[in-house]
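Student: The primary structure of each chain is shown beneath.
2 protein chains.
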Amino acid sequence: MTAASDATTDLTDLDFTAYADSRRAMVDDYLAAYMARRADGEGFDKLKEAMSYSLLGGGKRFRPVLAIAGCEAVGGDCEKVLPVAAAIEMLHTVSLIHDDLPAMDNDDLRRHRATNHKVFGEALAILAGDALITEAYLLLSAPDTAPPATAMAVIHEIAHATGLSGMAGGQSLDMLTAPDEIDEALTRQTHHAKTARFIAASAAAGALMGGADPETVAALRTFGENVGQAFQIVDDILNVTGDAARIGKSVGSDANAGKATYPAVHGLPESRRLAAEHIDAALAAVQHLGEAAEPLRAAARFVIERDR
Amino acid sequence: MTAASDATTDLTDLDFTAYADSRRAMVDDYLAAYMARRADGEGFDKLKEAMSYSLLGGGKRFRPVLAIAGCEAVGGDCEKVLPVAAAIEMLHTVSLIHDDLPAMDNDDLRRHRATNHKVFGEALAILAGDALITEAYLLLSAPDTAPPATAMAVIHEIAHATGLSGMAGGQSLDMLTAPDEIDEALTRQTHHAKTARFIAASAAAGALMGGADPETVAALRTFGENVGQAFQIVDDILNVTGDAARIGKSVGSDANAGKATYPAVHGLPESRRLAAEHIDAALAAVQHLGEAAEPLRAAARFVIERDR
Chain A
100 MTAASDATTD LTDLDFTAYA DSRRAMVDDY LAAYMARRAD GEGFDKLKEA MSYSLLGGGK
160 RFRPVLAIAG CEAVGGDCEK VLPVAAAIEM LHTVSLIHDD LPAMDNDDLR RHRATNHKVF
220 GEALAILAGD ALITEAYLLL SAPDTAPPAT AMAVIHEIAH ATGLSGMAGG QSLDMLTAPD
280 EIDEALTRQT HHAKTARFIA ASAAAGALMG GADPETVAAL RTFGENVGQA FQIVDDILNV
340 TGDAARIGKS VGSDANAGKA TYPAVHGLPE SRRLAAEHID AALAAVQHLG EAAEPLRAAA
400 RFVIERDR
Chain B
100 MTAASDATTD LTDLDFTAYA DSRRAMVDDY LAAYMARRAD GEGFDKLKEA MSYSLLGGGK
160 RFRPVLAIAG CEAVGGDCEK VLPVAAAIEM LHTVSLIHDD LPAMDNDDLR RHRATNHKVF
220 GEALAILAGD ALITEAYLLL SAPDTAPPAT AMAVIHEIAH ATGLSGMAGG QSLDMLTAPD
280 EIDEALTRQT HHAKTARFIA ASAAAGALMG GADPETVAAL RTFGENVGQA FQIVDDILNV
340 TGDAARIGKS VGSDANAGKA TYPAVHGLPE SRRLAAEHID AALAAVQHLG EAAEPLRAAA
400 RFVIERDR
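Residue numbers (my numbering), protein chains in the order written: chain A, 100 to 407; chain B, 100 to 407.
Okay, chain A solo, but in the shape it has when bound:
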C-alpha cells in the first residue's frame, strides 16, 4: 500500500478532481445524448422534460464515477461501462426527486435549483421517478450494453441495492423513525440501506463490466460499502457544520427534522473517526489491486477530504 499512501500526501485531491471531472463529463455527455434521442416525437415531451430536468441538472455523479473507476481498476474499458454508469445516475436521480416530495422531505431546493415537483408538479415528479427507474433497466437490458450474463449480474446487483432492502428501504426508515427511537444500530442500518449499498453496487457493477472474477467483485463491493458509510457520515457532518452554498440545500435540515444522523448519535469527533475508519477499511479491500485502482483509492480519500 506504499505507492497508494505516498500518493495521498499532495496530489490526491487534485488527482481525483481531475479524474472525476473527466469521467463526470463522459457521464454527462452520455446521459444528454441518450435522453435527446429517447422517445423522440412520440408525444411524451412533458414527462421526458421532467426526467431530463433532474437527470441532466448537474451533480457530482459520484456513483457513476465510482462505477467507472471500479471498471478501470480491474482493467476494464471506460467507454463500455458508460451505459451502466448512466443507469446508476438515473436511479440516484429518482431518490432525489422522490425524497424531495412534500410527502417526504418537502424540499424546495436541490443542487441550487427548484426541486422537480416545484417545477413540474407532484404528479409529474412521481411519474418522472417511476419512468427513470424503468429507464435504468431498459438501458441495462439493451442488447449493446453488455453480454446477457454480465447484464443480468449487474441488474441483480443494482436492484438489490436500491429496493426494499436498499435505497427505498433506507428512505422508509428515515421517514418512519421517531426521534426517540434513534440509536446507533438504527442509524447504521439506515445509512447502510439508504446510501452504502447502492455505492457498493456501483463499484461492484463497474467491476462486473470490467470482467472481474467474483472475488474481485466482492472486494469492490466491500470497498464501496465502506466508502458509502463514510460518505453518509460526512454528509451528516456537513449538514451540521457546512454552509448551504457548498451542499446546495438548507444546513441543519436533517437535525431539525430529528433524523438518524451520526453527529446526533456519536457527536462530531467520533463521527469523524468512524468515517476515517471506514475509508481505511475501503482502502484495505482494494490494497491488492494495482495502479489501475488509484482513481478508486483517490475517490475514497476524497470522501473525507470533503469535510476539511
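None of these hints come from the bench; they were simulated from the model. Be aware that a few hints might be false.
Treat identical chains as interchangeable: a pair holds within one or across any two.
Computed cross-link-like contacts, DSS-like style, restricted to lysine-lysine with a CA-CA straight-line distance of at most 27 Å [stated by the list, open to error]:
#1 LYS358 x LYS217
#2 LYS145 x LYS159
#3 LYS358 x LYS145
Remember, predicted model here, so these are calculated numbers, not experimental data.
Once you've looked at the hints, dock chain B against the given chain A.
Tutor: Just chain B now, with coordinates in the frame of chain A:
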C-alpha cells in the same frame, strides 16, 4: 380459425373463468410465498407491509394470466413463467398505488379496500411503488428465473412497455391533457401507452419464456396490443355503464374528471364496435397457433364479455 370459433359458442366464458382461476391461484400463491421470504428480519417490515398490502390484495391478475397463457400457447411450461408473471403483477400494482395518490387521481378506494396511501400514508405509498418496480427487476434478473439471454429479452420487453413511452408516459398524458384537448388520436395514444403496451409485453414475455421464435413473439405482441386496446375501451365503457360493486371504484369518475375515454370521443355504440374489432384483430394474430392457444383466445373474448 374454425376450432377457435366453435369454442366461442357456449363454453368460452366458463372455460376462461376456470382457466383464469387456476392460473390466478398459482400467481397468488407464488407472490405470497415470495413476499413472505423477502428481506425477512432485515428491519424493513413497514415498507414490506405496504408493498404486500397492494400486491397481495386480490385483483384479476389479468396481465400475469395472459403471460402464462402466452407461454402455454407456444408450448412452454406454466411453472417456469411464474416469476415473470409475478414481476408483471408487481409492476401493475405500482401503477395502481401511484395513480391513486392525491397528486394523481386521488382515489380512496381500490379493489373494495382503502387505497395504499390511505392506510400507510403518502410517503410509504410512493416508496412501496418504487420498491415494487425494483423488486420486479430483482426477480426477473434472479439466476433461477431464466437463462440470461431470455431474461434480458423479457426485461427489455417489459421495461419498454412500462416507462417513458409506456405506462408512465400514458399516465402522464392522462394527467396533463386538458378536457378541450381530448380527441381521437390522443385517446388512442393514451390507451396505447397506458394499457395496451404492457398487456402486449405480458403476452410477449410469456412467449419468450416459452422459448418462442421472434415471429411468434411478435404475433403474441400484436395479440396483446389489440387485447389491451379493447381492455381499456371496455374499462371506459364500464366506467359509464357499470356499477361500482362490479368495478370496485366510483362509477363515472373518469368522465367527471374530463379524461380521454372512448365513450366520450366515439359514443358507446362505436366504442363497442371498436373493442370488438380489436378482439378480432387479436384472434387473427394467433390464428395460426394450435390448440394450446385456446386459453389465450378465450382471454381475448372474455375482455368484451365483461361488458355484457
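Student: Work down the list of hints and note, for each, if the structure agrees.
Tutor: Hints, verified against the model:
| no. | hint | result |
| --- | --- | --- |
| 1 | LYS358 x LYS217 | both (24 Å within a copy, 24 Å between copies) |
| 2 | LYS145 x LYS159 | within (25 Å within a copy, 32 Å between copies) |
| 3 | LYS358 x LYS145 | between (34 Å within a copy, 17 Å between copies) |
The structure agrees with every numbered hint stated previously.
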